[in-house]
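With the hints as extra help, turn the sequences into a complete structure.
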Amino acid sequence: MFETLYSRFDRISRIDARVPATRLNRLAAGWMLGVLLAAAPLAGRAQDLASFEKRTTVEVLPNGLTLIVCNRPEAPVFSYFTMVDAGSADDPQGASGLAHMFEHMAFKGTKEIGTTNYPAEKVALAKVEVAYTAYDAEFRKRVGQDAKKLTDLKKVFDDAVAAAEEFVVPNAFPQIAEQNGAEGLNASTAEDSTQYFWSMPSNRLELWAYMESTRIGEPVEREFYKERDVVQEERRMRIDSAPIGRLVEQLLATAYVAHPYGRSGVGWESEISQVSATEADAFHKKYYVPANIVIAVVGDVSAATTMPVLEKYFSKIPAGPKPEAMTTIEPAQMAEKSVVIKEATQPFYLEGYHRPDYRDPDDAVYDAITDIFSNGRTARLYRSLVRDQRIAAQAQGFSGFPGDKYPGLFAFYAVPLPGHTADEVETAIHKELDRLKTEDVSDDELQKFRTRSKVDRLRGLDDNAGLAQEMAEYQTRFGDWRAMFREQAKDDAVTKADIRRVANKIFVASNRTTGRIEFTAPAADPAAKQTGAAQ
Amino acid sequence: MKNFGLRTGLLLPALVGISLMAGAQATTTQKATANNAAAEPWKKIPIPPLHDFKPPQPKKIVLENGLTIFLQEDHELPFVDGSILIKGGSRDEPAAKVGLVSLYGQTWRTSGTSTISGDALDEQLAQKAARLETSGGSATTSVRWSSLKEDFDGVFASTLDLLQHPAFKADKLALAKRQMEAGIARRNDDASDIASREAVELAYGPENPYGRHTEYATVEAVSLGDLTAWHDRTVVPNGMIVSLEGDFDSAKMEAKLRAAFSSMRRGADIPALDDRFPAPKPGVYFVDKTDVDQSNVILVGLGTDRRNPDYYALSVMNEIFSGGFGSRVFQTVRTKLGLAYGVSGSFGASYDHPGLFMVDAATKSASTVAAARAMLDEIGRLKTVPPTATELKNAKDQVLNSFIFHYDSPDKTLAEQVTLALYGYPSDFLEKYKTGIEKVTAEDVTRVANKYIDASKLAIVVVGNGKEFTSPLSGLGMVKNVDITIPPPPAGARAIQQ
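Same order as they appear, the protein sequences are chains Z and W. Plus 162 on top of the position in the first sequence (first one is 1) and you've got our numbering. Plus 2 on top of the position in the second sequence (first one is 1) and you've got our numbering.
In silico EDC-like pairs for lysine to aspartate or glutamate, Cα to Cα no more than 20 Å straight-line:
no., chain 1, residue 1, chain 2, residue 2
1, Z, K447, Z, E486
2, W, K414, Z, D625
3, W, K45, Z, E380
4, W, K130, Z, D606
5, W, K45, Z, E368
6, Z, K667, Z, D522
7, W, K469, Z, D402
Over 12 Å on every C-beta distance to chain Z, these chain W residues come out as not near it, computed from the model:
no., residue
8, K62
9, A223
10, M255
11, T386
12, E418
13, G426
14, T437
15, K441
Quick caveat, the hints were computed from the structure, so don't treat them as lab data. Every residue gets a Cβ at the ideal spot worked out from N, C-alpha and C, and that includes glycine.
What follows is the structure, encoded as structure tokens:
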């Protein structure tokens with residue numbers, strides 16, 4: 163059924179819902195400026211900036227950590243969102259996947275949680291690192307590697323790992339959270355940031371503050387090498403064994419020549435299989451400093467009683483310098499590039515154009531284009547490719563791929579119908595882009611964008627988890643959570659001329675990277691029978 | 003507020019996250035217990051009593067014609083969301099026309115009504131940022147809408163127009179069929195999709211309403227007349243539950259709804275579900291997929307339904323077995339053995355038919371058999387290793403301490419009552435569930451494990467790259483190679499390549 167296919171995109175987009183990097187297209191919270199409120203009165207008590215200002219307190223601790231507490235006392239629960247302003251794009255050269263690896267390690271506990279005897283475990287873990295370093299040095303030898311020595315070193319390492327494991331209480335950290343009613347406990351690593359979140363009954367606020375502050379402040383790299391195996395399985399699942407995962411990884415690697423957005427976020431297999439706990443520790447020291455972290459707590463929490471609790475725990479994290487900003491800026495693309503994967507998978511088409519980062523004055527213009535091209539059955543790509551030309555099952559465009567803290571891509575994709583090719587949908591998408599460059603969008607289209615962005619932002623304001631995420635994101639991105647209420651003014655200011663100007667600027671062949679899967683039956687391979695009869 | 007309607011699907015593969023799937027091993031949990039509580043500082047953190055909280059319950063109204071209404075006021079934001087569930091779904095469609103209800107659900111809304119086309123309606127709603135969608139599910143079809151409260155009357159009028167004057171159109175049915183056929187053509191591209199589909203089909207049987215799936219032939223067999231007939235048969239007040247949530251006054255809303263629905267005439271009830279559910283035939287069912295380096299392994303059998311008095315004990319067993327990071331499967335397969343990222347399991351309980359008992363993991367090709375063994379061993383240990391006191395307490399704490407999240411927002415309490423009414427459950431089922439969980443003992447868990455769990459009766463589905471396996475699947479049981487070739491469209495059918 164089509165749902166099967168659709169749900170796959172939906173699943174991916176739900177993961178995306180946790181990613182601050184993508185601008186707030188559909189899940190957005192935020193509201194309009196007071197001026198606009200008069201123009202479109204949507205009376206209500208919980209929806210404007212003034213109402214949120216009354217209920218929201220921000221505090222920057224002496225160590226640099228930013229705390230936001232927003233009171234929404236509908237039920238005795240709270241949600242939190244910890245946002246670390248470092249993600250896969252910050253992985254060191256040669257250690258792609260490290261930010262994500264560290265995120266997994268944040269569930270392994272602390273000096274107090276997950277251990278039967280931390281002082282002894284610490285010694286054992288140090289031995290693991292010594293053994294791993296020795297093994298790794300031999301393993302990486304390009305000339306003169308000694309097989310016997312390698313086997314011996316591996317044994318020393320395995321024994322050290324086993325000795326350290328004696329002190330482990332596996333999964334104690336998430337288990338304590340779950341026993342105390344944590345709901346939606348998870349974390350995610352994006353190119354731009356890493357985030358941790360769950361919801362809990364409000365009487366567990368102090369327990370949460372203890373847990374979160376210690377795992378962020380003093381994580382222990384226990385069971386690192388076993389978790390490395392788990393992360394490699396995650397890579398196999400998301401990339402190696404998934405046709406669209408493979409295509410996307412190749413497309414990004416092709417689109418970028420300098421910026422880390424071109425590297426696999428989950429990590430290249432060779433790198434993620436060789437990364438060490440020492441490297442993870444160094445990553446933590448550099449990027450998990452309080453000055454690089456914003457935590458938002460929303461729900462049945464009042465600042466007067468909550469802030470002192472948060473101060474007590476989060477102040478203990480030692481201060482450190484905010485990491486220096488990245489120097490690399492992706493150079494202008496000089497010529498069109500393409501990736502063609504020929505395999506026994508149904509055709510698929512994806513293309514991307516470089517665009518500026520989220521601070522660009524035209525940021526809202528890209529959102530308008532996304533809305534006009536992709537939002538619902540009145541969208542241009544749906545009407546053109548799906549309804550009228552009957553060549554695609556689905557066609558959309560979106561921005562901020564794979565991130566938008568740095569210049570990302572504006573991407574378009576289409577799922578060709580049986581009997582239709584990637585080339586056909588490519589042509590049809592380009593025709594729509596040409597139209598965008600040569601004709602103004604209609605008044606109706608622009609108005610729909612404004613109305614929907616306004617109303618959809620409003621829809622998000624009654625959800626603790628969503629609000630915590632928005633507040634942490636905006637505080638990180640703009641230095642002020644109130645910025646989420648200023649987005650609407652930017653959307654409302656977008657003009658037809660802006661859209662044509664931006665379209666003419668970025669939707670050009672030399673700025674484009676295309677990726678396609680072309681169905682090719684494997685010759686004389688019995689698997690051909692299993693991969694689809696439609697061709 | 004509920005989120006429905008069309009979404010923008012984004013492709014963001016660079017994104018990675020810990021997936022909280024299943025999860026322990028009794029011995030490790032015991033280790034935690036052995037740990038001196040004095041060295042567990044989190045236990046000293048005070049947990050004050052939770053504020054008294056009475057979740058607002060929706061108002062229930064049953065009209066003389068059998069139509070049920072639930073009203074839930076929620077004045078936080080200026081929206082009104084509505085839903086109409088209509089009994090009868092894909093499980094009730096004819097075997098030769100699998101896909102009918104899904105096609106109906108799509109075509110109903112996209113076709114529009116006798117006075118406005120679906121395309122024009124799309125435009126009208128988009129301008130108000132309102133939503134109105136129809137869809138087909140397994141037990142019901144549905145109409146759902148959402149708008150700013152000042153647009154309610156207009157959007158509700160469109161909803162009634164759709165209910166009373168649908169205009170199923172050939173071009174929209176063709177469009178829905180094209181999309182469904184694109185899904186059929188692509189259904190063997192992704193290994194995890196293949197594994198889930200085969201597991202469900204094996205557990206329920208290929209002829210069972212829950213086990214069968216669409217084919218080109220069954221999709222092609224659906225006509226406009228079938229959609230109209232389905233509509234006329236199912237859209238009857240005695241099969242409908244109307245629920246609204248949002249910024250309105252219940253008394254005024256009740257009057258509007260009575261005016262809208264009271265004149266509807268009763269129709270025939272949807273016949274009860276055929277309740278024959280034979281268990282799957284044990285064995286290893288293998289699909290060779292040459293473009294993957296990871297195997298999807300699923301162990302599957304039948305679960306239970308929530309009317310079963312053992313449901314509470316089974317729920318606790320479920321938590322111990324696969325309920326989270328601390329659970330046995332997660333602890334063993336992921337944490338201890340490092341064999342999988344995604345590992346999950348559940349002894350499923352549906353409302354009116356058996357759910358699925360399913361344990362699944364995705365593991366590198368070389369460890370396919372080892373992972374399957376580890377999962378089977380954990381299933382076996384459910385019977386041989388009774389829950390420790392800690393495991394039992396942890397499992398119950400997990401359920402009970404997060405219980406508030408069943409009703410921490412008005413739309414959740416509303417959805418709960420709608421579901422209970424749909425399946426004929428008592429309205430206090432959630433409270434009963436809580437009390438039931440509280441009473442479960444370790445003996446209960448062992449008893450139900452012995453009664454319901456038998457690893458040797460499960461089907462094992464493996465979708466993976468056979469040439470990369472390092473030990474033969476036959477070590478797990480009799481291997482049957484599953485042919486997943488997609489049957490081509492029937493001769494003479496409308497060409498799909500139009």
